[in-house]
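Quick note, the sequences are listed as chains A and B, same order.
The numbers in our numbering rise by one with no breaks, and the one at position 243 of the first sequence is 245.
The numbers in our numbering rise by one with no breaks, and the one at position 262 of the second sequence is 253.
Among the hints, a few may not be true.
To be verified - Pair ranges (Cβ atoms, derived):
| # | chain 1 | residue 1 | chain 2 | residue 2 | range |
| --- | --- | --- | --- | --- | --- |
| 1 | B | D238 | A | Q70 | 33 to 43 Å |
| 2 | B | Y211 | A | G90 | 57 to 67 Å |
| 3 | A | D111 | B | N175 | 30 to 40 Å |
| 4 | B | K190 | A | K236 | 47 to 57 Å |
| 5 | A | R108 | B | L346 | 26 to 36 Å |
| 6 | B | I2 | A | Q70 | 46 to 56 Å |
| 7 | A | S55 | B | A169 | 37 to 47 Å |
| 8 | B | A169 | A | A229 | 51 to 61 Å |
| 9 | A | G90 | B | T235 | 50 to 60 Å |
| 10 | B | D229 | A | Q70 | 54 to 64 Å |
| 11 | A | E237 | B | N258 | 48 to 58 Å |
| 12 | A | S55 | B | N175 | 11 to 21 Å |
To be verified - Per the computed footprint, the stretches of chain A lying under chain B, defined by three or more beta-carbons under 8 Å from a beta-carbon of chain B, are:
| # | segment |
| --- | --- |
| 13 | 13 to 25 |
| 14 | 86 to 98 |
| 15 | 190 to 200 |
| 16 | 206 to 220 |
Everything labelled a hint here was simulated from the structure, so no lab data went into it.
In this text, all values refer to a predicted model and were calculated from it rather than measured experimentally.
Don't be surprised by glycine CBs; every beta carbon is placed ideally from N, CA and C.
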Amino acid sequence: MKTIKILHMYADMLDLYGDSGNMEVMSFRCKKRGIDCQIDKYSIDSEMPDFSSYDLIYIGGGADLEQQHISADLLKCRDGIVKAYKNGTFLFLICGGYQLMGKYYRDADGNDIKGLGLFDYFTVAPNSRRKRCIGNIVIETNITGKPVKVVGFENHGGQTQGVKTPFGKVLYGNGNCSKSEAEGYCEKNVIATYLHGPCLSKNPEISDYMIEYCINRGESEYIALEALDDTLEKECRQVMLDRLLKK
Amino acid sequence: MKRLLILIGKIIVKLLQLMHRNAGNLPGIILWHLSRQKAVSMFKVDCPIIAVTGTNGKTSVTNCIAQLFERSGKKIIINHEGNNLDTGICSMLLKYCDMSGKVKADMLILETDESHVPVVYSQLKLDTLVVLNFFRDQLDRNGEMETLIQKINGFCKTFEGNLILNGDDPNTARLGRANPNNKNVKYFHAEPYAFATKKIFEASEGRFCPFCGEALEYDYYQYSHIGKFICKKCGFGDYEPYITAKDIDLEKPVFTADGHTYSPKLNSIYNVYNMTAVAAAAKLYSIDQKITDGVINSYTVKNGRMENFMLSGNKATLNLAKNPVGANMTLRVMNEMQGEKELLFVLNDNIADGLDVSWIYDINFSIFERVTRVVTSGTRAYDIAVRIKTAGYDPAKIVVRPDLDKAVEELASTQGRKFIIANYTAVQPTRSALKRYIAKHGGNK
């Protein structure tokens, strides 16, 4: 079986809410199945990598200040990332990573941080820092082909607008904007979301969707993943679903 | 109006006391609303006030500074154990003031929540502000850490009193450099201890210079992002320390500051920083050296801070961990201890803890050594179990018991050394559950 290659971008700067835990989950689930998973890191001082050689590119979320620091560097990577995305590299983007792939991020003072413009959406921060979308969130997504409830924690000021294909429908919480019905952005090879927690920790179907995508990328024979014992993870999610959705 | 409000407040305090309730926050909350958030300004305080703030160590440092003055024969007022929000401080002042709102004491020593510093001390004149550190903590309540630092910095802009700052935390030290007009800024600093590293070991903040954006360079990290840093571009970090902890030997434990050798009871680098902050306050207020020695050498914490219990003949150490730094501290202590041990981790997500538990992914569980079993409990018992499993720990050795009494029974069901980590609202219920178990089954065999 081939080795899954993941590029974790700005791991040292965009890791505010345990987002690096997503990489721990990915590597844990690969290891359990005997799949080789190589996670490389890229940050501001690194040499420009060959983005297309990766099966998955991961970007987490950070504080405003850190996002400003990396945005110029990210723009330098634009061509490489666009090419990789068109080549079928999976993009997994959390919060800041999600926002920066859009057209722009307008901060509370009205200054624009230029995004990569890979997708049409854009994000505007409210004038007041108090107006943040903070709290537990449950969404329902169909990305795996059947409905899956995904539990996470959102904490974002930015309101993201212009999303045509959201990641999921909001069952509890805010989503892309304050009290919106839709959360995140997705395509076959993109998951962009505000869910921290980290997102994959109690949503094993989502991690497996990406692992299955990666393992089959560029292969002629389809490989299905063997199931893992997810009793703890599912119980963990169920506790939150019972608490948040049942009145 | 003011007298009426104070009267109402005092009646509420009395009523609560008659009902045997702790008048911790409620009177303050009521007064706060009645006075349109000007409750603190109703009090007349003529004596100097020292406030202690920061993410970790507030309670210890506040208690020690209070002891410095108490042992010097001063009448002091201190907000023991928490009650460090505006409303808690208000409730406390209500208890001590006369009907005109006058508070009689020689000194007020107030532990103050980071986000409440500007609110409280825009209404009460502060003599000295001690800032210990800023770590990621309760991001959902406080928002981003930068917002919090900005808030305190806003207060510092007009503050002319003494500012005692941790010079080894860039997030704290920046308050000094950002306010060059304050001539009373004093930094405390510590030379590297045996486990200081060249590379950063745990998740942290403040990697960039807040003044010019350049990446900060470190000579060494003591823990998290605390260490000797400098900005090569603009010189941030180049300051003259007011007091420096040297010759730190945690095995004994012993350290030297300003030529005096101290032998504290607690053997962690975090305690050395806390006690250096205390020594800085002692120096500033010219406390008799014998008193300072006495306070620093005798201070020990209970109440769930490295507190020991005997569970059916097995030693169990309970430590509070509100954030990754606190939890990583306990894991380090566990690791540095030889022999096998078991861990109980109690994780709650009540409002005071922060509803967000993602911080557990910043705890470095991969360093687990000789941990034979893990029990998890609290409202987020499963989250912490999944987190430990994901770090590579064998899930067959993890037992989830959301009910605390059952968790303690489970932990006590085997022989051997035990450690317990509990977060903020979990720590007192965990102590109670331990005591209940001991009362029922005995501590010593």
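Cross-check of the supplied hints:
1. Between D238/B and Q70/A the C-beta distance comes to about 42 Å, which sits within the given range of 33 to 43 Å.
2. Distance hint check for Y211/B and G90/A: the Cβ-Cβ separation is about 45 Å, which falls outside the suggested range of 57 to 67 Å.
3. The supplied range of 30 to 40 Å is met by D111/A and N175/B, whose beta-carbon atoms lie about 32 Å from each other.
4. Take K190/B and K236/A: their Cβ atoms lie about 37 Å apart, and the range 47 to 57 Å is violated.
5. Range check, R108/A to L346/B: about 28 Å between beta-carbon atoms, so the 26 to 36 Å window is met.
6. Under the hint 46 to 56 Å, the C-beta atoms of I2/B and Q70/A, about 52 Å apart, fit the expected range.
7. Checked against the given bound of 37 to 47 Å, the beta carbons of S55/A and A169/B, roughly 44 Å apart, stay inside it.
8. For the pair A169/B and A229/A, the beta carbons lie near 55 Å from each other, so the given range of 51 to 61 Å is met.
9. Distance hint check: the CB atoms of G90/A and T235/B are about 57 Å apart, consistent with the given range 50 to 60 Å.
10. Distance hint check for D229/B and Q70/A: the Cβ-Cβ separation is about 25 Å, which falls outside the suggested range of 54 to 64 Å.
11. In this structure, E237/A and N258/B break the distance hint of 48 to 58 Å, their C-beta atoms being roughly 39 Å apart.
12. About 57 Å separates the C-beta atoms of S55/A and N175/B, a value inconsistent with the hinted range of 11 to 21 Å.
13. Check on the segment 13 to 25 of chain A: 9 of its residues sit with their Cβ under 8 Å from a Cβ of chain B, so the three-residue criterion for coverage holds.
14. Residues of the segment 86 to 98 of chain A lying with their CB closer than 8 Å to a CB of chain B number 0, which falls below the three-residue condition for coverage.
15. For a cut-off of 8 Å, the count of residues in the segment 190 to 200 of chain A with a CB near a CB of chain B stands at 3, and the three-residue condition holds.
16. Only when three residues or more bring their CB closer than 8 Å to a CB of chain B does the claim for the segment 206 to 220 of chain A stand; here the count is 0, and the claim is violated.
When held up to the earlier numbered hints, the structure conflicts with 2, 4, 10, 11, 12, 14 and 16 and fits the remainder.
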